[in-house]
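Construct all of the structure, not just a fragment, from the sequences and the given hints.
In order, the protein sequence lines correspond to chains P and D.
Numbered according to my numbering, the first sequence spans residues 1 to 610.
Numbered according to my numbering, the second sequence spans residues 1001 to 1368.
Careful, some of the hints might be misleading.
[As the list claims (entries may be wrong)] With beta-carbon atoms standing in for the labels, derived distance ranges: (1) D:1325 / P:161: 45 to 53 Å; (2) D:1178 / P:179: 50 to 58 Å; (3) D:1043 / P:19: 44 to 52 Å; (4) D:1165 / P:519: 52 to 60 Å.
[Unchecked claim] Just some of the chain D residues that point at chain P, by a computed CB distance under 10 Å: (5) 1014; (6) 1049; (7) 1051; (8) 1057; (9) 1122; (10) 1129; (11) 1144; (12) 1181; (13) 1252.
[To be verified] Sample of chain D residues facing chain P (criterion: CB under 10 Å; computed from the structure): (14) 1011; (15) 1012; (16) 1130; (17) 1147; (18) 1185.
Read the hints as simulated data drawn from the structure, not as lab findings.
C-beta: ideal position from N, C-alpha, C; glycine also.
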Amino acid sequence: MEIKKDLFSPLKAWKYAFKTPVSFPMEDIKDRPRESQDNARGFHINDLSKCIGCGACAEICPTEAIVMVKRKDLEEKEGEHPERPTMDYGRCCFCAMCVDICTSGSLKMSKAYVLNTPDPQKLYVMPEESFPAPGGDILGYDKTPESDLLDLKRAEMPAVAGAQAKKSFVEILKGYSMEQARAEAARCIGCEICVKTCPANMHIPEYIDAVWQGDLAEGLAQMYKTNPLPGICGSICTHKCETVCAIGKRGEPVAIRWLKRYIVDNAPEAMYEEVLMAPVSKPGQGRVAVVGGGAAGLSASYYLRTMGYQVDLYEAKPLVGGVARYGVPAYRLPDERLNKDVELLEKIGVKFLVNTKVGQDITLDALHDQYDAVFLASGLPQSRALKLENGDHPDVRYAMPFLAAARDYQRGAGEMPDVAEKAVVIGGGNVAFDVARTILRLQQKKYGHSHVSLVSLETRDILPADLEEIEEGEAEGLRCHCGFGPQGIELFQGKIRGLNTVKCLSVFDEKRNFCPVFDPEQKGMIEGSQVYVAVGQMNEHTYFTPEHLERIALKGGKVQVDDWGQVKGAPWLFAGGDIVHGPDMIHGIADGHKAARGIDVYLQSRSETA
Amino acid sequence: MSEVKLFFGPQHPGMHGNASVHLYVEGDTVKKARLVPGMLHRGFEKSMENHTWMGNVALIPRVCVAEPDINEMVFAQGVEAIAEIDIPERAHYIRMIIMEMTRILAHMMSLGAISSPTGLYTVNHWMQADRNDMMDIFEEITGHRVYHMYIVPGGVRRELPPGIEKRILDYFTEFERRIPEYQALVFENPTILARLKDNILLPAEVVWELGVTGIGMRSAVGKPYDVRKVTPYARYDQVEFEVPVATYSDAYTRSIFKVIEIKESIRIIRQAFDMMPGGKVNVKMAAGNALKWTVPKGQTYSAVESARGEFGYYIVSDGKTQPYRIAVRGASFPQGFLGVERYMPGVRLDDAPLWYDTMGVCTPEIDR
Chain P
1 MEIKKDLFSP LKAWKYAFKT PVSFPMEDIK DRPRESQDNA RGFHINDLSK CIGCGACAEI
61 CPTEAIVMVK RKDLEEKEGE HPERPTMDYG RCCFCAMCVD ICTSGSLKMS KAYVLNTPDP
121 QKLYVMPEES FPAPGGDILG YDKTPESDLL DLKRAEMPAV AGAQAKKSFV EILKGYSMEQ
181 ARAEAARCIG CEICVKTCPA NMHIPEYIDA VWQGDLAEGL AQMYKTNPLP GICGSICTHK
241 CETVCAIGKR GEPVAIRWLK RYIVDNAPEA MYEEVLMAPV SKPGQGRVAV VGGGAAGLSA
301 SYYLRTMGYQ VDLYEAKPLV GGVARYGVPA YRLPDERLNK DVELLEKIGV KFLVNTKVGQ
361 DITLDALHDQ YDAVFLASGL PQSRALKLEN GDHPDVRYAM PFLAAARDYQ RGAGEMPDVA
421 EKAVVIGGGN VAFDVARTIL RLQQKKYGHS HVSLVSLETR DILPADLEEI EEGEAEGLRC
481 HCGFGPQGIE LFQGKIRGLN TVKCLSVFDE KRNFCPVFDP EQKGMIEGSQ VYVAVGQMNE
541 HTYFTPEHLE RIALKGGKVQ VDDWGQVKGA PWLFAGGDIV HGPDMIHGIA DGHKAARGID
601 VYLQSRSETA
Chain D
1001 MSEVKLFFGP QHPGMHGNAS VHLYVEGDTV KKARLVPGML HRGFEKSMEN HTWMGNVALI
1061 PRVCVAEPDI NEMVFAQGVE AIAEIDIPER AHYIRMIIME MTRILAHMMS LGAISSPTGL
1121 YTVNHWMQAD RNDMMDIFEE ITGHRVYHMY IVPGGVRREL PPGIEKRILD YFTEFERRIP
1181 EYQALVFENP TILARLKDNI LLPAEVVWEL GVTGIGMRSA VGKPYDVRKV TPYARYDQVE
1241 FEVPVATYSD AYTRSIFKVI EIKESIRIIR QAFDMMPGGK VNVKMAAGNA LKWTVPKGQT
1301 YSAVESARGE FGYYIVSDGK TQPYRIAVRG ASFPQGFLGV ERYMPGVRLD DAPLWYDTMG
1361 VCTPEIDR
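What follows is the structure in structure tokens.
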């Protein structure tokens, strides 16, 4: 290698003596530091109003620099924890993984990088909209779709396609395979925001983690701690948990309900028995009567029985299950899954007294005499009527009797309900969709084609029904007329020709009270020779005698109870479920659990004082 | 004359990182050298077992401070090999650009470090100023100047910012104009040449005995052993570049090789920008969110060519969210650990820092 050697060549460097220095003066570092580049990972900034306190940032932080600190000025509310992240800049390594995993997208990084203080306490900072340092109000690093550390897309659920689905009552959703369930469970960050929102406070992160670990027994045990009907819930729960799921802030919420169903479907029988029998105590504490075999009644029976009470459950219909048995169609909840939950209750020793209507076959007072306590959960078996012109026509049908008849037909216990070739359903909730989609299937069977129109006051975007109900219904050929109010039924030669409608401009007033406003100019008629009304359910308090009603408070038809389900004015009587909270499966299960604990406390304290 | 014991490091301007070497000196000749490891030991290998696969991305760059991206690259490559992940084509090219830029940064650092033992601090000032501009470019791409945390299992963390290609290429055009100035300042300078030329020899036997790789090996035994050539990773088989070799390894050869390698790296970066396809820059390494990413059971040895030689990770996964074991093959381990004790004796005391620098030693990868 040839080497050039020149004593003078290093002196060329002198020309730089006359150029502007590229370095920065030291004294400027604190107040006027060099500006960071775009994307710089500086000190954090956090939009505190957008942040939901899920703690994913603290969870992923490799240096454990983030602590979730409770803010006293924030209220406990649904869908968030009143905590916000606080950074220890003595530990933080500015890797920005907290930013990349942030569920709400509120956490970002500013361009500030100088924090000069002799006080170590000042290194603990709860980031706010801007950081108190030069450049702290300029956005530096923010996540991009490719740097996102969350999985925003759900594992796909295998399902029967719409055109095929409407030909039978076969369950539409096929259920997750093990791979799908594990992939879905891996999306959960375990923030527990869902737990707070679930009426039953189910141990959701725990059983999702169990699915992810492949430990079904643990998942089952976690579920039965707060919910003895996971099979029913896994199919038809209103999943408030998914509505508030932190992953749902930017993507699709974790399919909590389907993961529950995965455990139920895949746990072997022996495991089921082992897990379920474990907490059951020997009977001998006392006797409790449960009125109504719906979700609330079954739930209360399970917990009362595990606590050691002898439980008799009174059911008016031939089978227990309530709405799950006589309302929800089989394509959403097949009998087998329901039977599995019910049989297990029978196995632990709950006695079912079916075809026994309290108030008719046995009085409430008789129950009071025979048992130590009574739990009332008779539900809402009646359909709410709608005042319509010609509304008393025999071809105007109501949701609850129709669904019960259709369900009986599906299990081979009754005749096929007579459905017309063209039918109109009034209502926008899940029950209306159940009715409409059941009619579709019956029509398909009877005529080979279907024609059902659904009329609702609400427009499609604010329909109270679940989105998947709407989408599946539409895929099956349901004609939705959203945003119309029913006016009257048009008759022709004594038969129904159709439903007269009028455009609905708004459903609620400013205070969110129900107060529909119609535009009388925009009229229309929807064809159909039968009209089904599905605008809500009502209770049936036939078992309350006038003496009861003197002591027991009813408000808007709802039984008034305390936090433990104890009826005000009758300490031996507890109530829960739809007659207390309105129609909702998971609320019923939660009420059953609460009332069981309430009854236990009541009976224990009574025996102590006696 | 009696023997004097001197402490070279851990705090010493000529020391790279915080290694400590006890020198036993007679006159101004080193008679005995003892490396005292542990001054920089932070238990990285053990710590890696306690971090999630993604959390490790924030930890591993620290294994070599001057050239952090090699850690990210071997880690990402290893994980991809165990999990059998195919990453998008564009990610390979971005990785290659990042790897070459970081190689240049490391070479500039060690060329600048010639300055303090030879007494010409201007070199270091220039090199640091030029490095500063490059680190600004890194800050724009990755968000940080030193620990980039950019190459992740599955690709790279995010897309290149718009307009960065021009900024990088403009920088190198300017830097290439500066290379002759560096040449004039350092390699034509008789005072520095007197210290480098025919001084601090690395004989071929030592290379074979210790397992020295990288510039040290190539300059001593004349074999173009370069991981980029022998087992090409990323897309090094798609680009053209030369690997300089020689059969006489003195401090001068090893230093001038760094200049040649910088030029070759710039050539690779230009080709990579020309050939880089569009499309995605990463795939998710596993299902779910980063807290629950797992890597299937398996083990692998993954290696890249660092500025100092073959740098590798041996990764074992037991199928959980954290690695079971990671062992680091530090590129400078042979010369920096064994070599100091065996082959530093004989050099003059004032050449000890030069020995350390030109042999290519990065202390944290020994003291991991």
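Have a go at the residue 1122 of chain D hint: is there a Cβ in chain P nearer than 10 Å to its own Cβ?
6 Å, holds
If you take the shortest Cβ to Cβ gap from residue 1252 of chain D to chain P, is it below 10 Å?
Status holds, d = 8 Å.
Should the hint that residue 1049 of chain D touches chain P count as held when the rule is a Cβ pair under 10 Å?
Result: violated, 13 Å to nearest chain P Cβ.
So, residue 1181 of chain D near chain P? Judge it on the closest CB pair being under 10 Å.
Constraint on residue 1181 of chain D satisfied, holds at 7 Å.
Satisfaction of the residue 1057 of chain D interface hint, Cβ to chain P closer than 10 Å:
7 Å, holds
Closer than 10 Å between Cβ atoms is the bar; does residue 1147 of chain D clear it against chain P? Give me holds or violated.
7 Å, holds
Take the C-beta atom of residue 1165 of chain D and the C-beta atom of residue 519 of chain P, compute their distance, and say whether it sits inside 52 to 60 Å.
Holds - the Cβ-Cβ distance for residue 1165 of chain D and residue 519 of chain P, about 59 Å, lies within 52 to 60 Å.
Have a go at the residue 1051 of chain D hint: is there a Cβ in chain P nearer than 10 Å to its own Cβ?
The hint holds - residue 1051 of chain D has a Cβ within 10 Å of chain P, the shortest such distance being about 6 Å.
Given residue 1129 of chain D as an interface hint, is the shortest Cβ-Cβ distance to chain P below 10 Å?
5 Å, holds
Let's test the interface hint: is any C-beta of chain P closer than 10 Å to that of residue 1144 of chain D?
Holds. Min distance 5 Å.
Hint validation: residue 1014 of chain D versus chain P, beta carbon distance must be below 10 Å. Holds or violated?
This interface hint is violated because 21 Å lies over the 10 Å limit.
In this structure, is the beta-carbon distance linking residue 1178 of chain D and residue 179 of chain P contained in 50 to 58 Å?
56 Å, holds
When held up to the earlier numbered hints, the structure conflicts with 5, 6, 14, 15 and fits the remainder.
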